[in-house]
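My request is simple: use the sequences and hints to build the entire structure.
Number of protein chains: 2
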Amino acid sequence: MPRPPRASSAAGAPGAGSRARSTRAAKKALPLGRVYRLLEPGPVVLVTTARAGRANVMTMSWHTMLEFEPPLVGCVISGRNFSFEALRKTRECVINIPTAGLARQVVACGNSSGRTRDKLEAFGLTPVPASRVAAPLIEQCYANLECRVVDTRMVAKYNFFVLEVVKAWVDPAVVEPRTLHHRGRGVFMVAGRTIALPSRMK
Amino acid sequence: MPRPPRASSAAGAPGAGSRARSTRAAKKALPLGRVYRLLEPGPVVLVTTARAGRANVMTMSWHTMLEFEPPLVGCVISGRNFSFEALRKTRECVINIPTAGLARQVVACGNSSGRTRDKLEAFGLTPVPASRVAAPLIEQCYANLECRVVDTRMVAKYNFFVLEVVKAWVDPAVVEPRTLHHRGRGVFMVAGRTIALPSRMK
Numbered sequence: 009m010p011r012p013p014r015a016s017s018a019a020g021a022p023g024a025g026s027r028a029r030s031t032r033a034a035k036k037a038l039p040l041g042r043v044y045r046l047l048e049p050g051p052v053v054l055v056t057t058a059r060a061g062r063a064n065v066m067t068m069s070w071h072t073m074l075e076f077e078p079p080l081v082g083c084v085i086s087g088r089n090f091s092f093e094a095l096r097k098t099r100e101c102v103i104n105i106p107t108a109g110l111a112r113q114v115v116a117c118g119n120s121s122g123r124t125r126d127k128l129e130a131f132g133l134t135p136v137p138a139s140r141v142a143a144p145l146i147e148q149c150y151a152n153l154e155c156r157v158v159d160t161r162m163v164a165k166y167n168f169f170v171l172e173v174v175k176a177w178v179d180p181a182v183v184e185p186r187t188l189h190h191r192g193r194g195v196f197m198v199a200g201r202t203i204a205l206p207s208r209m210k
Numbered sequence: 009m010p011r012p013p014r015a016s017s018a019a020g021a022p023g024a025g026s027r028a029r030s031t032r033a034a035k036k037a038l039p040l041g042r043v044y045r046l047l048e049p050g051p052v053v054l055v056t057t058a059r060a061g062r063a064n065v066m067t068m069s070w071h072t073m074l075e076f077e078p079p080l081v082g083c084v085i086s087g088r089n090f091s092f093e094a095l096r097k098t099r100e101c102v103i104n105i106p107t108a109g110l111a112r113q114v115v116a117c118g119n120s121s122g123r124t125r126d127k128l129e130a131f132g133l134t135p136v137p138a139s140r141v142a143a144p145l146i147e148q149c150y151a152n153l154e155c156r157v158v159d160t161r162m163v164a165k166y167n168f169f170v171l172e173v174v175k176a177w178v179d180p181a182v183v184e185p186r187t188l189h190h191r192g193r194g195v196f197m198v199a200g201r202t203i204a205l206p207s208r209m210k
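These protein sequences, in sequence, are chains A and B.
Numbers in this note's numbering are just positions in the first sequence, counted from 1, shifted up by 8.
Numbers in this note's numbering are just positions in the second sequence, counted from 1, shifted up by 8.
It is possible that part of the hints are untrue.
No copy labels: a pair is met if it fits in one copy or bridges any two.
[What the hints assert, rightly or not] With a straight-line Cα cutoff of 20 Å, these simulated SDA-like cross-link-like pairs (lysine to any residue) come out:
1. 97 with 158
2. 210 with 90
3. 210 with 195
4. 210 with 198
5. 97 with 58
6. 165 with 77
These are calculated hints, taken from the structure and not from any lab test.
Written out as structure tokens, the structure reads:
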């Protein structure tokens with residue numbers, strides 16, 4: 009079930025600016041050096057793009073950190089996805105991290121194409137303007153990473169894009185996010201308990 | 009705490025052959041087309057290498073699937089790691105997937121270097137001969153992926169190796185593995201409950 013947008017009153021606000029502020033009130037900017045802590049555990053993510061004024065969203069699990077700071081993320085976006093051309097042309101996207109309450113939307117986004125429908129609207133995902141890129145943030149996701157494509161050398165062979173995270177937002181109220189981790193064929197592991205061990209590792 | 013090796017009687021067996029068979033009795037070969045189901049959820053892994061008869065192990069979280077079949081995996085192994093040169097020279101490794109019972113060993117491997125000690129022995133991790141590569145499997149890990157390096161074009165810039173999984177082993181008794189997912193600074197999320205949704209996604 010979709011969680012109600014945390015700032016639903018802003019949905020009818022007059023300008024993009026106030027909608028953006030509504031998200032920034034709920035979420036805080038995350039220092040870029042901490043972005044790896046969100047992606048390293050391997051959550052399924054929703055990638056948003058925007059091309060010629062049309063936003064789209066896709067489900068994606070094949071990503072890895074490549075560098076701590078500035079945070080670089082490598083990810084596979086198949087050429088079969090409608091988002092592929094948008095990403096290649098605009099060189100911008102947002103990586104949105106959903107939690108378990110969005111499981112149905114995650115699966116729905118993965119089983120349909122933006123070629124034939126407005127998936128954000130169809131699945132009740134609220135687009136909110138980003139600060140540095142044209143692609144929208146998804147309000148209902150607890151974290152949003154605004155990204156620019158910085159290297160496309162591995163796209164021809166592996167559909168592998170290198171992204172730089174240029175701005176990161178996170179909901180400070182979500183301490184142990186129940187992220188979703190795909191095990192194939194619609195089976196997901198939901199993030200469980202947290203343990204902490206003394207470590208010098210970053 | 010280390011789990012006792014499932015086939016501890018084989019530790020003193022005369023030849024590598026019988027030790028390998030002992031693991032193959034407990035674990036089954038996994039069809040290569042299903043390897044993505046193990047790595048896509050983003051578990052921390054233990055990477056073993058072997059060079060000039062000397063095995064080593066390191067902790068690694070920066071990996072992603074790149075292709076379903078043959079399974080290709082991209083991963084970052086920093087040049088600061090002792091394993092880097094071994095992987096570059098031998099072009100072989102094993103990705104071993106630990107579960108929560110091995111959390112201490114995972115952290116210990118990440119906080120020490122094979123330059124100065126035999127980490128497998130120091131941390132009670134039992135090396136078992138692999139079938140296709142010289143690097144050993146770790147007996148205590150529930151899954152082991154024998155890998156060959158197939159592309160090094162991204163190593164100079166990102167320390168990013170492309171590996172092909174040439175043989176995969178998994179313990180069929182482990183249905184919901186309590187894998188570890190690093191959140192930074194020794195904090196780990198332990199894999200929680202499983203949910204299944206109708207999906208056409210692979």
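(request) Hint by hint, work out which the structure violates, then give me just those numbers in ascending order. (result) The structure conflicts with no hint, since it agrees with every one listed earlier.
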